[in-house]
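Colleague: Build the full structure now, drawing on both the sequences and the hints.
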Amino acid sequence: MNITFSKVESMDPWQFSFGALLVAATKLDTQLDKVLKKHDLTSKQWFLLVILDSMFEHPPTLKQLAEEMGSSYQNVKQLALKLETKGMIRIEKDPEDARALRIRATPESTAIWEKLIPDAEMFLGQFYQDVTSSDAESLKRTLYQILQNLYKMK
Numbered sequence: 001m002n003i004t005f006s007k008v009e010s011m012d013p014w015q016f017s018f019g020a021l022l023v024a025a026t027k028l029d030t031q032l033d034k035v036l037k038k039h040d041l042t043s044k045q046w047f048l049l050v051i052l053d054s055m056f057e058h059p060p061t062l063k064q065l066a067e068e069m070g071s072s073y074q075n076v077k078q079l080a081l082k083l084e085t086k087g088m089i090r091i092e093k094d095p096e097d098a099r100a101l102r103i104r105a106t107p108e109s110t111a112i113w114e115k116l117i118p119d120a121e122m123f124l125g126q127f128y129q130d131v132t133s134s135d136a137e138s139l140k141r142t143l144y145q146i147l148q149n150l151y152k153m154k
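Numbering-wise, the sequence shown is residues 1 to 154 according to this note's numbering.
Don't read these hints as lab results, they were simulated from the structure.
Honestly, I wouldn't trust all of these hints.
Stated by the list, open to error - With a cut-off of at most 20 Å between alpha-carbon atoms, the simulated PhoX-like pairs for lysine-lysine come out as follows:
#, residue 1, residue 2
1, Lys154, Lys63
2, Lys115, Lys37
3, Lys44, Lys82
4, Lys63, Lys77
5, Lys37, Lys27
6, Lys38, Lys86
7, Lys37, Lys82
8, Lys34, Lys86
9, Lys27, Lys44
10, Lys63, Lys93
11, Lys93, Lys77
12, Lys44, Lys34
13, Lys27, Lys38
14, Lys63, Lys82
15, Lys77, Lys44
16, Lys63, Lys44
17, Lys152, Lys63
18, Lys38, Lys82
Modeller: Below, the structure written as structure tokens:
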């Protein structure tokens, strides 16, 4: 999107913000895929690993993982199967509920974080370039509220 700030200033803030979120999501996905390609990961596979690593103290069920990712069970299962093939996770039957599948990180998924650090630092530096701490705090609050609203819409 190559528009001037004067053009943005004249736009309705609600419409611009909605459109900008859609464009940002698409661009973010594309740019992350470029960075992660050399690590044989897609942005969605990486996101699954991030959620698995940061949101759970114990191996979650596939359903719990899908809920945290804001995605469908079927989509997350496909991602998990690909990551299992790559040796990044193990999919195990829950010992207490044979219908449930639990997702467990492997040493390979833990090791990938060290390999990703330089690329992540470069990417985040470019992503947040010229964004102040104050802007980031405001964005955090706004996105949190938007996410809350989206979850209410189920």
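Colleague: Each hint: holds or not?
Modeller: Hint by hint, here is what the structure shows:
1. Between Lys154 and Lys63, the direct Cα distance comes to roughly 16 Å. Compliance with the 20 Å bound is thereby established for this hinted pair.
2. At roughly 13 Å between alpha-carbon atoms, Lys115 and Lys37 fall within 20 Å of each other, so this suggested pair holds.
3. Annotation: proposed proximity of Lys44 to Lys82 holds, straight-line Cα distance about 11 Å (limit 20 Å).
4. With a C-alpha separation of about 9 Å, the suggested pair Lys63 and Lys77 falls inside the 20 Å cut-off, and the hint holds.
5. Between the alpha carbons of Lys37 and Lys27 the distance comes to roughly 15 Å, so the proposed pair stays at or under 20 Å and holds.
6. A distance of roughly 14 Å separates the Cα atoms of Lys38 and Lys86; the hinted pair therefore holds under the 20 Å criterion.
7. For the hint pairing Lys37 with Lys82, the CA-to-CA distance comes to about 14 Å; that is within 20 Å, so the pair holds.
8. Restraint check for Lys34 and Lys86: satisfied, since their Cα atoms lie roughly 19 Å apart, inside the 20 Å limit.
9. Restraint check for Lys27 and Lys44: satisfied, since their Cα atoms lie roughly 13 Å apart, inside the 20 Å limit.
10. For the given pair, Lys63 sits about 13 Å from Lys93 by alpha-carbon distance, which is consistent with the 20 Å threshold.
11. Of the pairs offered as hints, the one joining Lys93 and Lys77 holds, with about 13 Å between alpha carbons and a cut-off of 20 Å not exceeded.
12. Restraint check for Lys44 and Lys34: the C-alpha separation of about 12 Å stays at or below 20 Å, so the hint holds.
13. Among the hinted pairs, Lys27 with Lys38 is consistent with the structure: their alpha-carbon atoms are about 18 Å apart, no more than 20 Å.
14. Using a Cα cut-off of 20 Å, the hinted pair Lys63 and Lys82 holds, with the two alpha carbons roughly 17 Å apart.
15. Proximity of Lys77 to Lys44 is assessed by CA-CA distance (about 12 Å); at most 20 Å being required, the pair is judged to hold.
16. As the CA atoms of Lys63 and Lys44 are separated by approximately 16 Å, the hinted pair is consistent with the 20 Å bound.
17. Restraint check for Lys152 and Lys63: the C-alpha separation of about 19 Å stays at or below 20 Å, so the hint holds.
18. Straight-line distance between C-alpha atoms of Lys38 and Lys82 comes to about 16 Å, which keeps the hinted pair within the 20 Å bound.
Of the numbered hints stated above, none is contradicted by the structure.
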